[in-house]
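Engineer: Here my numbering = 1-based position in the sequence shown + 1111.
Honestly, the hints are just simulated from the structure, not real lab data.
Treat the numbers as computed from the prediction; the structure is a model and nothing was measured.
Glycine included, each C-beta is placed from N, C-alpha and C at the ideal position.
Please note: incorrect hints may appear among the correct ones.
[Claimed, not checked] Lysine to any residue pairs mimicking SDA-like chemistry, simulated, CA-CA at most 20 Å apart:
{"id": "1", "residue 1": "K1248", "residue 2": "I1225"}
{"id": "2", "residue 1": "K1248", "residue 2": "E1125"}
{"id": "3", "residue 1": "K1248", "residue 2": "G1198"}
{"id": "4", "residue 1": "K1123", "residue 2": "I1225"}
{"id": "5", "residue 1": "K1230", "residue 2": "E1125"}
{"id": "6", "residue 1": "K1285", "residue 2": "R1310"}
{"id": "7", "residue 1": "K1230", "residue 2": "E1259"}
{"id": "8", "residue 1": "K1298", "residue 2": "I1225"}
{"id": "9", "residue 1": "K1398", "residue 2": "M1368"}
{"id": "10", "residue 1": "K1390", "residue 2": "E1139"}
{"id": "11", "residue 1": "K1277", "residue 2": "D1313"}
{"id": "12", "residue 1": "K1277", "residue 2": "E1342"}
{"id": "13", "residue 1": "K1284", "residue 2": "K1298"}
{"id": "14", "residue 1": "K1298", "residue 2": "E1342"}
{"id": "15", "residue 1": "K1230", "residue 2": "H1252"}
{"id": "16", "residue 1": "K1230", "residue 2": "K1251"}
{"id": "17", "residue 1": "K1390", "residue 2": "D1378"}
{"id": "18", "residue 1": "K1120", "residue 2": "K1230"}
{"id": "19", "residue 1": "K1119", "residue 2": "G1130"}
[As the list claims (entries may be wrong)] Pairwise CB distance ranges (calculated):
{"id": "20", "residue 1": "N1228", "residue 2": "H1397", "range": "14 to 24 Å"}
{"id": "21", "residue 1": "K1390", "residue 2": "V1181", "range": "33 to 43 Å"}
{"id": "22", "residue 1": "Q1247", "residue 2": "R1310", "range": "46 to 56 Å"}
{"id": "23", "residue 1": "K1390", "residue 2": "R1176", "range": "49 to 59 Å"}
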Amino acid sequence: METSELLKKVRKIEIKTRGLSRNIFAGEYHSAFKGRGMAFSEVREYQYGDDMRDIDWNVTARYARPYVKVFEEERELTVMLMIDVSGSKDFGSVHIMKNEMTTEIAATLAFSAIQNNDKIGVIFFSDKIEKFIPPQKGRKHILYIIRELLDFRPENRNTNISQALKYLTNVIKKRCTTFLISDFIDKGNYSDALTIANRKHDVVAIQVYDRRETELPAMGLIKMKDAETSEERWIDSSSSSIRRMYGEWWNRRQEEMSQSFKKCRVDSVSVRTEDDYVKSLLALFHKRN
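With the sequences and hints as input, model every part of the structure.
Structural biologist: Below, the structure written as structure tokens:
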């Protein structure tokens, strides 16, 4: 992508997603993703109803009357975006490609994070770790992330979510909030890695998918290509039994994915490319409150 065209796209994404995060998500994000704990703020005189365990005995002894410690939420978080950049993300049949929607969702979450003074980092993955951007703060850092989201070209096209989660667990030492954004088309089993990652971090799964992945249109003989393996095959889509089998495969796959998230205790949301991702993200935030 040419530099001038890329900068225009970055600016367009920034205007849309920063506005969304400021006007819609700021409060929701803050309450849905809380800080690491409570930090000491100050001391004040004891008031009726205060917890006796909060009394600061050193200050109390100095002033000969009771003082208590006041704590406030330690707000700052580290947020990691785990972005699936495998070949299956280059697909879209209605208004927008899956990778384009992924970019908008990631940018909105990134601006929500920095408005709450959180650090933000990114892991791009296929069946290997394609790129790691360490967590930092600031608008300049966010714009760099958006440029990478728009212009990044992976070396591999397959998917290995398990490997990406293991990398997250190993490279990010302190607890963080992680948004795993993928279509979750993965031939491997990632449940164990997801369970381990979610014990150490707060992992949230966001599935981005297209309507054409859920149902096969009756269009006669069509050639289908696996975006990750490049394997091609002809299918008679006019056959009702083939369309039914395809629909059953999709429903079974979605059920297995949902059960996996439930077993691993991971909050999740599924977003279709033609739908409003704002509503989906707000529903996810409300579920966590």
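Engineer: Which of the numbered hints above does this structure break?
Structural biologist: 3, 8, 12, 13, 18, 22
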